[in-house]
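K.L.:
Each chain, letter by letter, is given below.
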Amino acid sequence: MYLKLLLSFSYIGAFTFGGGYSMLPMFQRVLVDKNKWLTEEEMTDLFSIGQCLPGIIAANTAVFVGYKNKGITGGAIAAFGVALPSLIVIMLIAAFLSNFADLPVVQSAFAGLRICVCVLILNAVFKLRKHSVVDLPAALIFSVVFILSVYMFLPVAAIVAIAGVCGVLIIFLRKKTGPKGEDPPDNSEVDSNPSDDNNTSDVNNGSDNNNTSDGGNAS
Amino acid sequence: MIYLQLFYEFFITGLFMFGGGLAAIPFLQQMGEKTGWFTTTQLMDMIAVSEATPGPIGVNMATYAGYTVAGIPGGIIATVGIIMPSIIISLIIARLLVKFKENPLVQSALYGLRPASLGLIAAAGMTVLCLVLFGIELRYMTEYHLFLLDIRTFIFAVVLFIVTNIYKKAHPVIFLALSAFVGIFLF
Chain Y
22 MYLKLLLSFS YIGAFTFGGG YSMLPMFQRV LVDKNKWLTE EEMTDLFSIG
72 QCLPGIIAAN TAVFVGYKNK GITGGAIAAF GVALPSLIVI MLIAAFLSNF
122 ADLPVVQSAF AGLRICVCVL ILNAVFKLRK HSVVDLPAAL IFSVVFILSV
172 YMFLPVAAIV AIAGVCGVLI IFLRKKTGPK GEDPPDNSEV DSNPSDDNNT
222 SDVNNGSDNN NTSDGGNAS
Chain Z
-11 MIYLQLFYEF FITGLFMFGG GLAAIPFLQQ MGEKTGWFTT TQLMDMIAVS
39 EATPGPIGVN MATYAGYTVA GIPGGIIATV GIIMPSIIIS LIIARLLVKF
89 KENPLVQSAL YGLRPASLGL IAAAGMTVLC LVLFGIELRY MTEYHLFLLD
139 IRTFIFAVVL FIVTNIYKKA HPVIFLALSA FVGIFLF
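First to last, the sequence lines map onto chains Y and Z. Quick note: the first sequence uses the working numbering, first residue 22, plus one each step. Quick note: the second sequence uses the working numbering, first residue -11, plus one each step.
Since the hints were derived computationally from the structure, they do not count as laboratory data. Hints are supplied without guarantee of correctness; some may be wrong.
Computed list of lysine-lysine pairs in DSS-like fashion (alpha-carbon distance at most 25 Å, straight line) [said to hold, decoys possible]: (1) Y:Lys148 x Z:Lys157; (2) Y:Lys91 x Z:Lys89; (3) Y:Lys55 x Y:Lys89; (4) Z:Lys89 x Y:Lys197; (5) Y:Lys151 x Z:Lys89; (6) Y:Lys196 x Z:Lys89; (7) Y:Lys57 x Y:Lys25; (8) Y:Lys89 x Z:Lys89; (9) Z:Lys156 x Y:Lys151; (10) Y:Lys148 x Z:Lys89; (11) Y:Lys196 x Y:Lys151; (12) Y:Lys89 x Y:Lys57; (13) Y:Lys25 x Y:Lys91; (14) Z:Lys157 x Y:Lys151; (15) Y:Lys148 x Z:Lys156.
DEER-style ranges, computed between Cβ atoms [claimed, not checked]: (16) Z:Arg83 x Y:Leu157: 31 to 39 Å; (17) Y:Leu161 x Z:Lys156: 27 to 35 Å; (18) Z:Ala165 x Y:Pro46: 19 to 27 Å.
From the derived model, a few chain Y residues whose C-beta atoms are all more than 12 Å from chain Z [stated by the list, open to error]: (19) Met22; (20) Leu24; (21) Leu28; (22) Gln49; (23) Arg50; (24) Val53; (25) Asp54; (26) Lys55; (27) Asn56; (28) Lys57; (29) Glu61; (30) Met64.
These numbers come from a predicted model, not from an experiment. The beta-carbon is built from N, C-alpha and C at its ideal position, and this holds for glycine as well.
Sequences and hints are given; from them, build the entire structure.
P.N.:
Next comes the structure, spelled out in structure tokens:
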């Protein structure tokens, strides 16, 4: 069983390109369709929880599935399974490339690749923008973090930790300052941010409001 | 001793990176800067290889960077380091669960973490873009450096940007292969 867990997750690691959402179909094929370790709905849930946690999303999801089947050891084995193909393939490539790195052809190819890397990173930023920068305070966090990071004023880990605390504080303050109506602060921010796609903003703000009011009831 | 430091650096990266593979880039960039283990240009080559090979991008980059720093043991240690926080945190969450994602505290923390993570990636992206276009990192840029713009690189970057945004559904590997091919003739 442990071996099967290891092999299944190694298979996922070996045959998915590009991480993130593109891994979900592979997870479903191997874990839901083939091994029937969990239902499709559970799979999607675990994957979305995995995205909310720090670290490698694929490893997070693997740990959940491994734990569900075989406890703590299962979780650890599943995570190592996902990483195993990378370990082998990347080290082979790295060893291979280090022998040919001085060839002009290889250097030219990498000059082209570097440009592509820049473009892919910036494309990813544009794509994630609507999902991450939902309103004005979020845009402020984005800008401050951008400047702090470019000039390396703080360790990246510290920036992340502070941003998490800021998020909690902003939502908390919003909850405090908006007792007159259901959700006046959020709506005003949507209005003051016309560049955003309306549908996305509404959806995001809607979910924010739900959480804020939940928090209010709890505390 | 370098193994211990390697493990520590990648453990911290795994512990604080939110939102998947690309979120590791700002950590690696600062790591290279701080320790002198690799340059930003080397890091870009690692990213290119990591995106073009199977497996989670974050794990690929960790393996590559670790291998660059300290050979095969380095690759293994960096990889274990970056997935260790995933294992620990996910196991804790899996035990506590189940309403983790709906927890208001988690949601409000993510409200701050998402734009921060994006800001970090954007900063890393702009830094490497400046490095490619002007040969200097963004934070050292002055007006003077604008004259250093490499025209061929600039044109290729613009074309690539347009093409990738027309064929949004196409896999990044295709663009990487294409760029490597064009690079051989262009540079």
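K.L.:
Please go over all the hints and tell whether each is borne out by the structure.
P.N.:
Checked hints:
Our distance criterion of 25 Å between C-alpha atoms is met by Lys148 of chain Y and Lys157 of chain Z, whose separation comes to about 12 Å. A C-alpha spacing of about 23 Å is found between Lys91 of chain Y and Lys89 of chain Z, which places the hinted pair at or below 25 Å, so the restraint holds. Straight-line distance between C-alpha atoms of Lys55 of chain Y and Lys89 of chain Y comes to about 17 Å, which keeps the hinted pair within the 25 Å bound. For a cut-off of 25 Å, the pair hint linking Lys89 of chain Z to Lys197 of chain Y stands: about 23 Å separates their Cα positions.
For the given pair, Lys151 of chain Y sits about 20 Å from Lys89 of chain Z by alpha-carbon distance, which is consistent with the 25 Å threshold. The suggested pairing of Lys196 of chain Y with Lys89 of chain Z holds, with an alpha-carbon distance near 19 Å, which does not exceed 25 Å. A C-alpha spacing of about 13 Å is found between Lys57 of chain Y and Lys25 of chain Y, which places the hinted pair at or below 25 Å, so the restraint holds. Proximity of Lys89 of chain Y to Lys89 of chain Z is assessed by CA-CA distance (about 18 Å); at most 25 Å being required, the pair is judged to hold.
About 16 Å separates the Cα atoms of Lys156 of chain Z and Lys151 of chain Y, which keeps this hinted pair within 25 Å; it holds. Restraint check: the Cα-Cα separation between Lys148 of chain Y and Lys89 of chain Z comes to about 23 Å, which is no more than 25 Å; the hinted pair holds. Annotation: proposed proximity of Lys196 of chain Y to Lys151 of chain Y holds, straight-line Cα distance about 23 Å (limit 25 Å). Taken as a hint, the Lys89 of chain Y and Lys57 of chain Y pair is honoured in the structure, with Cα atoms around 12 Å apart against an allowance of 25 Å.
The hinted pair formed by Lys25 of chain Y and Lys91 of chain Y meets the criterion: a straight-line CA distance of about 11 Å does not exceed 25 Å. The suggested pairing of Lys157 of chain Z with Lys151 of chain Y holds, with an alpha-carbon distance near 18 Å, which does not exceed 25 Å. Using a Cα cut-off of 25 Å, the hinted pair Lys148 of chain Y and Lys156 of chain Z holds, with the two alpha carbons roughly 10 Å apart. Between Arg83 of chain Z and Leu157 of chain Y the beta carbons are some 38 Å apart, a value that agrees with the proposed interval 31 to 39 Å.
Between Leu161 of chain Y and Lys156 of chain Z the Cβ separation comes to about 29 Å, which falls inside the hinted range of 27 to 35 Å. Judged by the Cβ atoms, the range 19 to 27 Å given for Ala165 of chain Z and Pro46 of chain Y holds: they are separated by roughly 22 Å. Every CB of chain Z is more than 12 Å from the CB of Met22 of chain Y (nearest about 18 Å), matching its label as outside the interface. Taking the minimum C-beta to C-beta distance to chain Z, about 19 Å, the non-interface status of Leu24 of chain Y holds against the 12 Å cut.
Non-interface status of Leu28 of chain Y relative to chain Z is upheld: no Cβ of that chain comes within 12 Å, the nearest being about 15 Å off. Non-interface status of Gln49 of chain Y relative to chain Z is upheld: no Cβ of that chain comes within 12 Å, the nearest being about 16 Å off. No beta-carbon of chain Z is positioned within 12 Å of the beta-carbon of Arg50 of chain Y; the least distance is around 15 Å. In this structure Val53 of chain Y is separated from chain Z by more than 12 Å, as the shortest Cβ-Cβ distance comes to about 18 Å.
For Asp54 of chain Y, the requirement that its beta carbon stay farther than 12 Å from each beta carbon of chain Z is met, with the minimum near 20 Å. Lys55 of chain Y, annotated as away from the interface, keeps every beta carbon of chain Z farther than 12 Å; the closest lies near 18 Å. Listed as outside the interface, Asn56 of chain Y is consistent with that label: its C-beta sits roughly 18 Å from the nearest C-beta of chain Z, beyond the 12 Å cut-off. Every C-beta of chain Z lies more than 12 Å from that of Lys57 of chain Y, the closest at about 19 Å, which supports listing it as non-interface.
With a closest Cβ-Cβ approach of about 17 Å to chain Z, Glu61 of chain Y is found to remain outside the 12 Å limit, as its non-interface label requires. Non-interface call for Met64 of chain Y relative to chain Z: holds, since the shortest CB-CB distance, roughly 14 Å, exceeds 12 Å.
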